[in-house]
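Please put together the full structure from these sequences, using the hints given.
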Amino acid sequence: MDSFFTKEELNKLRNIALEELRELTAELDSVLDRTRKNTNDRPALEEMLRIFHTIGGSAALVGFEEISEIGTKGESMLREHVEKGQISPDTLAAIETMRNSLAKFVNEKTPGTK
Amino acid sequence: MAAISPRDGEISIEVSRDHFTAYIHVRHPAPGGREATVEDVMNSLAAGGITHGIKNVEKIQMFLDNLELYDNTLVVASGKPFTHGDDAKIIFHFECDSRSVHDVDTGGMENVDFRQMGTVTSVETGDVIATKIPATQGEEGITVHGQKLPGEWGMDIALVAGKNVRLAPNKRDYVAQIGGAPFVSNGVLRVDPVVLVDENVDYSTGNINFAGTVVVRGSVMDGFEVRALGDVVVENTVQMARVHAGGDVIVKRGILTRAKGVVSAEGNVYAKFIENSIVEAEGNVVVENAILNSRVYSNGGVLALTEEGTIIGGEVLAFERVAARTIGSAANSRTFIQTGYRHDVQKRYLETFSRLRAIGDELEEVKKDYARFSMMVNADLDKVGAIRTKAQKLLKVKKEIQDDLAEIASTRVFNHLAMVEAKESIFPGTTVMIGEGRYNVLKERPFASFKWDSDAKTLYLSSYDESAKGLKKAVPRSSTVLIIDDSRSVRKTLKLILEKMGLKVTGEAEDGEEGVEKYRELKPALVTCDVAMVRMDGIETLKAIKAENRRAKILMISSVRDRKKVLDCVMAGALDYILKPFVPKKVTAAVRNALES
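Top to bottom, those sequences are chains A and B.
Under numbering that gives the first Met the number 0, the very last position in the first sequence is 113; numbers go up by exactly one each time.
Under numbering that gives the first Met the number 0, the very last position in the second sequence is 596; numbers go up by exactly one each time.
Simulated from the structure, these hints should not be mistaken for lab results.
No residue lacks a Cβ here, since even glycine has one placed at the ideal position from N, Cα and C.
One or more of the hints may lead you astray.
Derived coverage of chain B by chain A (criterion: at least 3 residues anywhere in the stretch with Cβ under 8 Å from a Cβ of chain A; other residues may be distant) [said to hold, decoys possible]:
#: 1; segment: 485-494
#: 2; segment: 567-581
One side of the interface only, derived from the structure: several residues of chain B facing chain A at Cβ under 10 Å [stated by the list, open to error]:
#: 3; residue: V56
#: 4; residue: N65
#: 5; residue: N331
#: 6; residue: L349
#: 7; residue: S409
#: 8; residue: K499
#: 9; residue: D529
#: 10; residue: A531
#: 11; residue: K584
So this is what it looks like as structure tokens:
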């Protein structure tokens, strides 16, 4: 990917991806709230699955390997639960850990953020 | 009856193909079974022969305690990949001109610094004029199995010790065997004895014929001749004169022989401009500015690729390639460009062919005369006999010319890679011939590139994959794209790739519904569409667009997990698919194939 794009272009794409990841983290927070209140909220689970799917795809494109892995793992864990229409407490806890890793990554990579 | 013990947790090992990474996968125990332990992991690694780069026990324990988080898989050992060594390089101990810096093939000449061309320095007998720094070997690697792998060697570089240069016993130093001027051309280092003409070659110097390199600080004036076994370097111009070099000819200003003189080289010819002249080169002809109303013949390439590079009028023949910023002019100057044949062979072929045709015409006339006279009642038999004798002689000559032509044709090898390029424009009035193909340019063509397809026996004209940057003309509909994807990051990345291909992204949509609306409005040549979208997924979007236009060209973008859906899309009419995370090369190939389909 690197040799196709110039350094400036790659930086620009990474900034766009970071912005998108920030928005997805915020969406994930909102969905997690709903899921904590009701672990049988299937639409919320489907939305969570979509968010992790998007995270995995966007991050991989610009070389954010660690986040791409989180996206793929989250998606993989959620598929089973979406089919059942229910999420287990362990899985919810794991998702929250992943959410924290994602937020930490975005904050660290965004310039000017503490 | 003995009880069956429940299955304990299981460890499996996977090693990457290059043997530098090892993974462990853990399978949970059956109810009642024992969880896998660090000891189990270490035993499995030992059994698999994995001995190097193993993670420490604490990390393995953390993994076993948090299997869900790691999706039951861990990189448990990492080897050390081997590295590549440094490439060999040549250090020149004299001031080189641009020819030694850039490989003199037609591909590298766009960046030649003409101001540096023809720099002449002086060396003494015994001087080390160049030194080769050999390639090095990279660091050795070690696999997870503890196997050592040697580092890769860097690439070697070839520099031949040419005339008056010898390679020292250390095989690294190149030593001058005479005093003179060192030159590097086409990968050969040589030292030429040099004769220096302080001003012009004119009546004060007479003609020059030298078994070395000739440097003329002024011009070569009308009616004079310079011949050199080495290079000829002219600081000013070549007027109506003859110049021939066994090496290269470098004319720092212009060649203006007014079609009376000839500049020729067994190497390359470099000039700032060529006007109304005849130039022949066994190698390349490279100009900084223009080739105007000249006859230029090369058995390499003819290039005018710096900013003002243009070819206007005259004829240019090259074996490999003719390339310039512009070819022809807005005033429709008649310009003839031909590539694919060696110019000397082609000239002989065409001349011989002309002679054959002329003989054929003459023979026809003689036959008519013979027919007329022999029909006469009181025909003059002597005259008839004379005509018959003449016809026989002409037939004999015709046979000889036909044999000549056959012999030339056998050496007239066609270069299938021959091409003609106009990096900016080619203008009406220009004729391009490659092989048997002929193209008369009737309107201005930007970014034109001509190639000959021997199988189809067709001369192809195509456009360059130039960036859209700077293009002010309207983009044809045939290169417009609509991107449908719910990820902004994916849309922007795809857009950048497509624009670098010279395509125009006329619209973006976040979901299938918006995508179908935009398709109706924009009618793009191509659509890229994500498979997994929330509001109207990829397959529904595809079907809806196909319902609008059954010929719509659609590429699906998907992750590996959606493979089944992708196949469904292809069955529903998608042209192809691109897997995420996508690689630009694969995107460009898929898009090109789709647009050409």
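Mind checking the CB of K584(B) against every CB in chain A and telling me if the closest is under 10 Å?
7 Å, holds
Regarding the hint that N65(B) lies at the interface with chain A, is the smallest CB-CB distance below 10 Å?
Holds, because the Cβ-Cβ distance from N65(B) to chain A comes to roughly 8 Å (cut-off 10 Å).
Using the nearest Cβ pair, does S409(B) come within less than 10 Å of chain A?
45 Å, violated
Would the stated hint for D529(B) survive a check requiring a Cβ distance to chain A of less than 10 Å?
Status holds, d = 9 Å.
Would you check whether L349(B) satisfies its interface hint, that is, whether its CB is within less than 10 Å of any CB in chain A?
46 Å, violated
Are three or more residues of the segment 567-581 of chain B within 8 Å, CB to CB, of chain A?
Coverage by chain A holds here, the residue count being 3 at a Cβ distance below 8 Å.
Should the interface hint for V56(B) be scored as holding, given a Cβ-Cβ cut-off of 10 Å against chain A?
23 Å, violated
Let's test the interface hint: is any C-beta of chain A closer than 10 Å to that of A531(B)?
6 Å, holds
Examine the segment 485-494 of chain B for residues whose CB is less than 8 Å from any CB of chain A, and state whether their number is three or more.
holds (count 7)
At a threshold of 10 Å, is the proposed contact between N331(B) and chain A supported by beta-carbon distances?
Hint on N331(B): violated, closest Cβ of chain A at ~39 Å, above 10 Å.
Would the hint on K499(B) stand, with a C-beta cut-off of 10 Å toward chain A?
Hint holds; K499(B) Cβ to chain A Cβ min 8 Å, cut 10 Å.
Hint check: violations occur at hints 3, 5, 6 and 7; the rest are consistent with the structure.
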